[in-house]
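Trainee: The residues making up each chain are set out below.
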Amino acid sequence: GAGVSQTPSNKVTEKGKYVELRCDPISGHTALYWYRQSLGQGPEFLIYFQGTGAADDSGLPNDRFFAVRPEGSVSTLKIQRTERGDSAVYLCASSPGTGSGNEQFFGPGTRLTVL
Amino acid sequence: KQEVTQIPAALSVPEGENLVLNCSFTDSAIYNLQWFRQDPGKGLTSLLLIQSSQREQTSGRLNASLDKSSGRSTLYIAASQPGDSATYLCAVGSNDYKLSFGAGTTVTVRA
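Sequence lines, in order, name chains A and B. For the first sequence, the working numbering assigns the number 1 to the initial residue and increments by one for each residue that follows. For the second sequence, the working numbering assigns the number 1001 to the initial residue and increments by one for each residue that follows.
Excised from the complex, chain B in its bound form (with noise of 0.2 angstroms):
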C-alpha cells in the first residue's frame, strides 16, 4: 500500500518569502503524482502534475519536482502572498486511476 506524508504540517511565513513542501511516498513505482491546493471548506484545486517520465512541471510561481528513486517531491512556491494561504495535498498515483493522499501541509502567509 502506498504511503504518502507531507512535512511540515504546518508552516508560517511572511509575505514574500520563498515556499518549500514537501511529500514523500514509499512506493516508487508510480503512474503520477499531483498537487493541490484546498482551501477551508472547499474542494481541491489541481495545481501541477508530474508525469511519472517527468522531473518537474512548471506554473507560474509555483514549481514541482519528482525524484522516484529517492520517493520525494517538492512543491516551491517563490515570493509568496497572503492569498497563497491554503493547505497543499500531495497525491500519488500509484496506477493509472488511484490517487494516495497525504495529509497536508497547511501554509499561512502572514502579510
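Pulled out of the complex, with its shape left as it was, chain A reads as follows (with noise of 0.2 angstroms):
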C-alpha cells in the first residue's frame, strides 16, 4: 500500500511569509507525527495527535507554529511569520496507534528553504 506522503517536496519562501505543509498518512493509521531535521542533525519531535486532537505539542518551538488534523487523517504544519532558522527538512511520520510495538513510518520529507 501507499506510504505516507508529503507535499511539496521543496518549499522556497521569503522571511516574514506563511507557508503550509501537508502530510497524508498511511491509511486507517490513527498516530501521527511531526518531526523537523536540520543539516547534520537527527530529527526533533515537534507534535503528535491522536486522532484529531494535538496530544502532545510540547515541541513547537513557538507560537508561529500550529499543526491541524481536522478529520483524523490529513495534517497541515502550519508556520507564520516564517523566519530563516525555520530552514530545515519538515518530516512526517504515522503508526497504527502507540505502544512500545508500534513502529513510526515516515515520509519523504518537505525541505523548506526560507530566504
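Simulated from the structure, these hints should not be mistaken for laboratory data. Misleading hints may appear alongside valid ones.
Simulated crosslink set (DSSO-like; lysine-lysine; CA at most 30 angstroms straight-line) [stated by the list, open to error]:
id : chain 1 : residue 1 : chain 2 : residue 2
1  : B       : 1001      : B       : 1098
2  : B       : 1068      : B       : 1098
3  : A       : 78        : A       : 15
4  : B       : 1098      : B       : 1042
5  : B       : 1042      : A       : 15
6  : A       : 11        : B       : 1042
7  : A       : 78        : A       : 17
8  : A       : 78        : B       : 1042
9  : A       : 11        : B       : 1098
10 : B       : 1042      : B       : 1001
11 : A       : 78        : B       : 1098
12 : B       : 1001      : B       : 1068
13 : A       : 78        : B       : 1001
14 : A       : 17        : B       : 1042
15 : A       : 11        : A       : 78
A quick note: this is a predicted structure, and the numbers were derived from the prediction, not measured.
Build the complex from these two chains, which are given one at a time in their own frames, with help from the hints.
Mentor: Here it is in C-alpha cells:
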C-alpha cells in the first residue's frame, strides 16, 4: 500500500511569509507525528496527534508554528511569519497506534528554505 | 530529557566487512528503540524496532541489540555492500509516542 506522503517536496519562501506543509499518513493509522531535521542532525519531535487532537505539542518551537488534523487523517503544519532559522526538512510520520510495539513510518519530508 | 549519542559520526569500510554502529542513551527507562536508514535527500526507512522487553531483533543481514541497563544499542550489518551506504539513525522511544534521535552515523561501503 501507499506510504506516508508529503507535499510539497520543496518549498522556498521569503522571510515573513506564511507556509503550509501537508502530510498524508498511511491509511488507517491513527497516530501522526511531525519532526524537524536540521542539516547534520537527527530529527526533533514537534507534535503528536492521536486522531483529530494534538495530544502533545510540546516540541513546537514557538507560537508561529501550528498544526491541525481536522478529520483524523491528513495533517497540515502551518508556519507564520517565517524566519531564516525555520529552514529545515520537515518530516511527517504515522503509526497504527501507540505503545512499545508500534513502528513509526516516515514520509520523504518537505525541505523548507526561508530566504 | 533523553540524550542520544551515536559514535562514530562517519565510517568507511571495504565491501564485505561487517559494520558495527553504536548508540547510547542517557535515560534507561525507554519504551522502545528504532533503527532507521536515511539516504541523501530522502526520508527515513525503518530497519528494526526493539521493544523494551526485548534484547535483540534480526532482519536478514541486520541485527540490533539492546542493553537498557547500560543505555546502549548496537546495530550489526553483516557482509556490507555498497548499497548499504547511507546514514543510520538510532531513535529512542521515551514514552509511547515520542522518539528522540541521535545525529546518525554516515556509512560508506567502498567497492
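Trainee: Would the pair residue 78(A) and residue 15(A) pass a check requiring their Cα atoms to be no farther apart than 30 angstroms?
Mentor: holds, 15 angstroms
Trainee: Hinted pair, alpha-carbon criterion (30 angstroms max): residue 11(A), residue 1042(B). Please report holds or violated.
Mentor: Within the cut-off at roughly 15 angstroms; holds.
Trainee: Please verify whether residue 1042(B) and residue 1001(B) have alpha carbons no more than 30 angstroms apart.
Mentor: Measuring from Cα to Cα gives roughly 28 angstroms; hence the hint holds.
Trainee: Do the alpha carbons of residue 1001(B) and residue 1098(B) lie within 30 angstroms of each other, as the hint requires?
Mentor: holds, 12 angstroms
Trainee: Starting from residue 1068(B), check that the Cα of residue 1098(B) is at most 30 angstroms away, please.
Mentor: The given pair, whose Cα atoms are some 17 angstroms apart, holds under the 30 angstroms limit.
Trainee: Does residue 15(A) lie within 30 angstroms of residue 1042(B) when you go C-alpha to C-alpha?
Mentor: With a Cα-Cα distance of about 25 angstroms, the restraint between residue 1042(B) and residue 15(A) holds, given a limit of 30 angstroms.
Trainee: For the pair supplied as a hint, residue 78(A) and residue 1042(B), confirm whether the alpha-carbon distance does not exceed 30 angstroms.
Mentor: The hint holds at about 22 angstroms.
Trainee: Take the C-alpha atoms of residue 1001(B) and residue 1068(B), compute the straight-line distance between them, and say whether it is at most 30 angstroms.
Mentor: This hinted pair holds, its Cα atoms lying about 16 angstroms apart.
Trainee: Given the hinted pair residue 11(A) and residue 1098(B), is their Cα-Cα distance within 30 angstroms?
Mentor: Given pair residue 11(A), residue 1098(B) holds - Cα atoms ~26 angstroms apart, limit 30 angstroms.
Trainee: Hinted pair, alpha-carbon criterion (30 angstroms max): residue 1098(B), residue 1042(B). Please report holds or violated.
Mentor: Holds. Residue 1098(B) to residue 1042(B) sits at ~21 angstroms (cutoff 30 angstroms).
Trainee: Tell me if the straight-line CA distance from residue 17(A) to residue 1042(B) falls inside 30 angstroms.
Mentor: holds, 26 angstroms
Trainee: Does the structure keep residue 78(A) and residue 1001(B) at a Cα separation of 30 angstroms or less?
Mentor: holds, 26 angstroms
Of the hints listed earlier, there is not a single one the structure fails to meet.
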